[in-house]
Amino acid sequence: MFEQLGLIGCGLMGGSFALALKRAGLVKRVVGYSKSPSTTERARQLGVIDVEAPSALLAVSGADIVLLAVPVAATEATLKAIRHLVNRDMLIMDVGSTKRDVIDAARRVLRENVGSFVPCHPIAGKEASGVEHADADLYANRQVIITPIERTQVAQLNRAREVWEALGCQVQQMSPEAHDSAFAAVSHLPHLIAFALVNGISAQPQGQDFLALAGPGFRDFTRIAASEPKMWRDILMANKQELLEQSQLFQQTLQAMQALIEAGNGEALEELIAQASQLRSDWRMGARKA
1 MFEQLGLIGC GLMGGSFALA LKRAGLVKRV VGYSKSPSTT ERARQLGVID
51 VEAPSALLAV SGADIVLLAV PVAATEATLK AIRHLVNRDM LIMDVGSTKR
101 DVIDAARRVL RENVGSFVPC HPIAGKEASG VEHADADLYA NRQVIITPIE
151 RTQVAQLNRA REVWEALGCQ VQQMSPEAHD SAFAAVSHLP HLIAFALVNG
201 ISAQPQGQDF LALAGPGFRD FTRIAASEPK MWRDILMANK QELLEQSQLF
251 QQTLQAMQAL IEAGNGEALE ELIAQASQLR SDWRMGARKA
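Counting along the sequence shown from 1, when you hit position 250 you're at 250 in UniProt numbering, and nothing is skipped either side.
Derived from the structure by calculation, the hints contain no laboratory data. Some clues are possibly wrong.
Derived pair list, reagent style DSSO-like, types lysine-lysine, alpha-carbon separation capped at 30 angstroms [what the hints assert, rightly or not]: (1) K80 to K28; (2) K230 to K240; (3) K126 to K230; (4) K126 to K28; (5) K22 to K126; (6) K80 to K230; (7) K22 to K35; (8) K80 to K240; (9) K126 to K240; (10) K126 to K35; (11) K35 to K230; (12) K80 to K22; (13) K80 to K126; (14) K35 to K240; (15) K80 to K35.
Each pair of labels, with its calculated beta carbon distance range [to be verified]: (16) R83 to V186: 32 to 40 angstroms; (17) L272 to S38: 37 to 45 angstroms; (18) H133 to V186: 35 to 43 angstroms; (19) N87 to Q251: 46 to 54 angstroms.
The C-beta atom is built at its ideal place from N, Cα and C for all residues, glycine as well.
Could you put together the complete structure from these sequences and hints?
Right, here's the structure in full:
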């Protein structure tokens with residue numbers, strides 16, 4: 001059991017982690033800080049945190065476990081705010097959707113104490129943000145990717161794994177590079193496409209009329225377009241290189257299918273559709289590769 005969780009970022013991800021840790025009996029006290037004082041106050045009112053901290057540094061004071069639940073672009077500034085209280089015995093984790101930029105920030109700021117930091121990415125979330133949507137079950141039965149570096153302490157790596165597993169997560173370890181490449185394909189590119197599709201339709205003269213006719217297929221396909229704008233701006237920019245590579249590959253596949261339609265080659269088009277249909281039918285979220 002941990003004595004104190006220092007929670008920096010009391011929104012959906014951070015709040016859900018605090019609630020899950022409390023329910024599992026893994027922490028005695030949660031001290032929280034958010035950039036907006038009203039968010040921190042609301043988190044206390046909802047029982048997500050026990051104590052409001054006026055700064056990130058004071059949220060970390062006395063903590064033996066720290067979670068950074070801030071936008072990836074805010075990682076470096078957050079680490080700078082707390083670095084004077086970071087020590088080798090403290091477990092520090094994040095929940096960012098990109099890892100190389102986060103790790104680079106941790107190397108620059110934490111220096112000799114970077115071994116206390118275990119980069120994490122829980123594959124969980126909702127379109128709705130804010131502490132009001134915090135849910136102790138958010139992480140249950142979800143994958144969590146851990147991307148340690150050569151200086152990550154083995155003891156802290158093991159503690160991080162144990163924490164997530166205690167919350168009912170499936171923990172997988174990857175290199176930061178492999179992580180960012182994979183999630184450019186299966187997360188960041190789908191969000192980019194959803195944003196572009198909705199904007200592309202709405203920009204047409206009859207766009208609003210078209211949207212009024214959309215049904216369940218459009219709803220399901222574009223669900224992620226309702227995601228938080230600033231957070232996704234940061235993610236897409238942070239993983240720019242990998243995302244652009246995946247975008248180019250997608251455009252090649254799209255253009256190949258467009259060419260078949262233009263040529264009237266329905267048989268070849270059907271084969272590609274059947275291939276995608278079978279792959280999607282066989283896919284199961286969180287299933288490990290055979």
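Comparing the hints with the structure gives:
no., hint, result
1, K80 to K28, "holds (26 angstroms)"
2, K230 to K240, "holds (15 angstroms)"
3, K126 to K230, "holds (15 angstroms)"
4, K126 to K28, "holds (27 angstroms)"
5, K22 to K126, "holds (21 angstroms)"
6, K80 to K230, "holds (21 angstroms)"
7, K22 to K35, "holds (23 angstroms)"
8, K80 to K240, "holds (24 angstroms)"
9, K126 to K240, "holds (23 angstroms)"
10, K126 to K35, "holds (21 angstroms)"
11, K35 to K230, "holds (15 angstroms)"
12, K80 to K22, "holds (28 angstroms)"
13, K80 to K126, "holds (29 angstroms)"
14, K35 to K240, "holds (26 angstroms)"
15, K80 to K35, "holds (15 angstroms)"
16, R83 to V186: 32 to 40 angstroms, "holds (33 angstroms)"
17, L272 to S38: 37 to 45 angstroms, "violated (51 angstroms)"
18, H133 to V186: 35 to 43 angstroms, "violated (23 angstroms)"
19, N87 to Q251: 46 to 54 angstroms, "holds (48 angstroms)"
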